[in-house]
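Q: Sequence:
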Amino acid sequence: MIIGIIMIIVPGPAYLIIPAGLSILGTEYLWARELNKK
21 MIIGIIMIIV PGPAYLIIPA GLSILGTEYL WARELNKK
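Heads up: the sequence shown is residues 21 to 58, going by the working numbering.
Note that these hints are calculated values from the structure, not bench results.
What follows is a list of derived Cβ distance ranges for each label pair:
#, residue 1, residue 2, range
1, 53, 31, 27 to 35 Å
2, 25, 48, 12 to 20 Å
3, 25, 53, 12 to 20 Å
4, 57, 36, 15 to 23 Å
5, 54, 31, 28 to 36 Å
6, 50, 30, 26 to 34 Å
7, 23, 51, 14 to 22 Å
8, 22, 54, 14 to 22 Å
9, 55, 33, 14 to 22 Å
Below, computed lysine to any residue pairings styled on SDA-like, alpha-carbon distance capped at 25 Å:
#, residue 1, residue 2
10, 57, 41
11, 57, 27
12, 57, 25
13, 57, 24
14, 57, 35
15, 57, 33
16, 57, 44
17, 57, 39
Where a beta carbon is used, it is the ideal one built from N, C-alpha and C, also for glycine.
Using the sequences provided together with the hints, build the complete structure.
A: Here is the structure:
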């Protein structure tokens, strides 16, 4: 997810990395699971 946030500023596929990071974090953290549902 941090890589996805960095890719918002620099060129890269941030729209793919951020949801993937949230999905991984969502398995452990409730706040990430809620963000991933939106």
